[in-house]
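Peer 1: Given the sequences, and given the hints that come with them, work out the whole structure.
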Amino acid sequence: MTQTLLIELLTEELPPKALAKLGKAFADGIVNGLKSRDFLEADSVATAYATPRRLAVSITKVRAVSPDKMIREKILPVSVALDAAGSPSAPLLKKLAAMNLSHVTVADMERAQDGKAESFFYTSLAAGSNLLVGLQSALEESVAKLPIPKVMSYQRPDGATVQFVRPAHALIALHGSTVLPLTLLGLTAANVTEGHRFLTAPGQRAVTIAEADAYAATLKSEGKVLASVEERKEQIRAELLAKAGADLVLMPEALLDEVSALVEWPVVYECNFEEEFLAVPQECLILTMQTNQKYFALTDTNGKLRSRFLIVSNIATDTPDAIINGNERVVRPRLSDAKFFFEQDKKKTLESRLPLLDKIVYHNKLGTQGARGERVAALAGFIATAIGGDATLAQRAAKLSKADLVTEMVGEFPELQGIMGTYYARNDGEPEDVALAASEHYQPRFAGDALPTTVTGTAVALADKLETLVGIWAIGLAPTGDKDPFALRRHALGVLRMLIEKRLSLSISSLLAQAAQLFQSVPGFKDPSADVATFMYDRLRGILRERGFSVNEIEAVVAQNPDRLDDIVQRLEAVQAFAALPESASLAAANKRITNILKKNEEALAAVGEQGVNVSLLQDTAEKNLNTAVVRVLPEIDAAFNNGDFAGTLKTLAQLKDEVDAFFNDVMVMAEDVALRNNRLALLSSLHGMMNRVADISKLAA
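Going by UniProt numbering, the first residue of the sequence shown is number 1, and it counts up by one from there.
Keep in mind that the hints were calculated from the coordinates and are not lab data.
Keep in mind that a hint or two might mislead.
To be verified - Here are the simulated DSSO-like pairs of lysine-lysine, each with C-alpha atoms no more than 27 angstroms apart in a straight line:
{"hint": "1", "residue 1": "Lys651", "residue 2": "Lys592"}
{"hint": "2", "residue 1": "Lys69", "residue 2": "Lys95"}
{"hint": "3", "residue 1": "Lys95", "residue 2": "Lys61"}
{"hint": "4", "residue 1": "Lys24", "residue 2": "Lys150"}
{"hint": "5", "residue 1": "Lys74", "residue 2": "Lys35"}
{"hint": "6", "residue 1": "Lys145", "residue 2": "Lys17"}
As the list claims (entries may be wrong) - Per label pair, the in silico range of CB-to-CB distance:
{"hint": "7", "residue 1": "Val361", "residue 2": "Leu451", "range": "27 to 35 angstroms"}
{"hint": "8", "residue 1": "Ser505", "residue 2": "Gly612", "range": "24 to 32 angstroms"}
{"hint": "9", "residue 1": "Ala559", "residue 2": "Gly524", "range": "29 to 37 angstroms"}
All of these numbers come straight from a predicted model, not from anything done at the bench.
Don't be surprised by glycine CBs; every beta carbon is placed ideally from N, CA and C.
Peer 2: Structural data, given as structure tokens:
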């Protein structure tokens, strides 16, 4: 017989940022424990619940008793189990007694091959176990493995000391309507929990759960508690949108998650602050409202901050004035602080703050932030010149880009670095490109983030990331496993995205060499450019996979270690189109064969040098035809390649299929005559160079 199982652990307020993980881990642990003990049906469904004061899970179709099982156990090798006369040996009798199988005879056992030896096996029927026993173990295992941020020690009323994330007050364990008398953290399970701390009267706070299936509905109707995190989150989202009206509500998922973990019965109220605060950069106001107060800011349809904001309360009331006034009173000092920091910071220019960067250690092996700024400025000037920008503007922007780190606003809100630099640069009268670069040089900050919009911002962003990659790598802090404290993976991805998406005709080797040159005065510096390049190509493969290209298509291009990436997508699209041609498989296989032949004969090719193919030495019809075909299509391939028509370049190769096939069918490349052999190698070398101009098509045959 199966019924729904409910487990709930009632506690003091749980840490909100950990609630979702705790709820999932609690439920998963119990489910996995029961599944491994065979108490669940194949179509059992688990639902996790978590509120600020409880962790719970309900599971449908849970067995009261696990099924009986046939257990096949190895006893002993036959050579050990039987004596010379074929009778049961002393070791066998001893082993059977230890396994409570003294009644088992040799005839009762199965004789089967076990690797190279033959052994005795015994199959018996093991009776199923009771749910109470299995669940007790599963519950204890689940609680022991919870990802608790910090364990508390507290004393139970009976004087016992207990350790858990927060003090636990009650435990529910229901199988259908039957209470299972489990024990945990000094508690014995029942079917009673508590409703909302404020919306239920103190004497009426106890809520009895009659049936496991009625858990969420009973808590909602009698306890004023929404047990599901997702249900609370979606209710908050809907109420925020309704209250916002024509305005837009800023509701990042992380903030929604945290607020959902702070309330059991969410209600949204509207509050206001004084219009004068809108003179402060809105990013500052939004950040302080979200970070410090867990409030939701509102903007108009143009993205301009409004002086009204929304709060999520844990109390539903028809007279919310006290709640609204209290929150307005609390936010005012925060906004006043932001206004004060902004006004104070504007009294000093960013340039005047630069000497302070010389006092901030970037890394003890790489010097100060000031020294780093000089390196980034030099590299930014080089890059700006290379991409048609203004080197002077780029150098100026790079020098000022970190100056906001020593402002009071960024000191209070580190998340605003770059953003405040842009505001302060504009206040100082800096060129707009310089001001924008203060924030744009951090882009892209994460996967999918926007790229810098200006040439100056792009130059500084590239310089900043390349300086970090080369410098940090050189001092032995390359990423290992999942550890990447300096975000070098993110920096590499940012560089690659800018090179690809902005189609910048920059050489990776040149960029890395230029960056490495900046560190020559650093004691013990060893140029890591080769390793950094390999690291970047590995990240490049990931970017291209996300764009939908296959592994073989990517390798055809990336295995050549392309020094420029401005046309890499076009090359891959050409490879993709070529791979769809009926001739591609044959040509890819031929190219792979040619590659192997040429690798084995590098010395001979070196001796031939640049002489090329000697037509007078061509003997067989197949090699003459191949040479004629190569000479015929070469101008067409050159023209297509020089025009950036990579698809046309590869498509033209398809014309050579028959001649290439015939050559390998009819011609002995490794002829005994050295001159003849070298001439054929020269022909293959010419063909190989033409075939691999866009990509190494042999990789398509992998």
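Peer 1: Evaluate each hint against the coordinates.
Peer 2: How the hints compare with the structure:
| no. | hint | in the structure |
| --- | --- | --- |
| 1 | Lys651 x Lys592 | holds (18 angstroms) |
| 2 | Lys69 x Lys95 | holds (22 angstroms) |
| 3 | Lys95 x Lys61 | violated (40 angstroms) |
| 4 | Lys24 x Lys150 | holds (17 angstroms) |
| 5 | Lys74 x Lys35 | holds (25 angstroms) |
| 6 | Lys145 x Lys17 | holds (18 angstroms) |
| 7 | Val361 x Leu451: 27 to 35 angstroms | holds (30 angstroms) |
| 8 | Ser505 x Gly612: 24 to 32 angstroms | holds (31 angstroms) |
| 9 | Ala559 x Gly524: 29 to 37 angstroms | holds (34 angstroms) |
In this structure, the one hint that does not hold is number 3.
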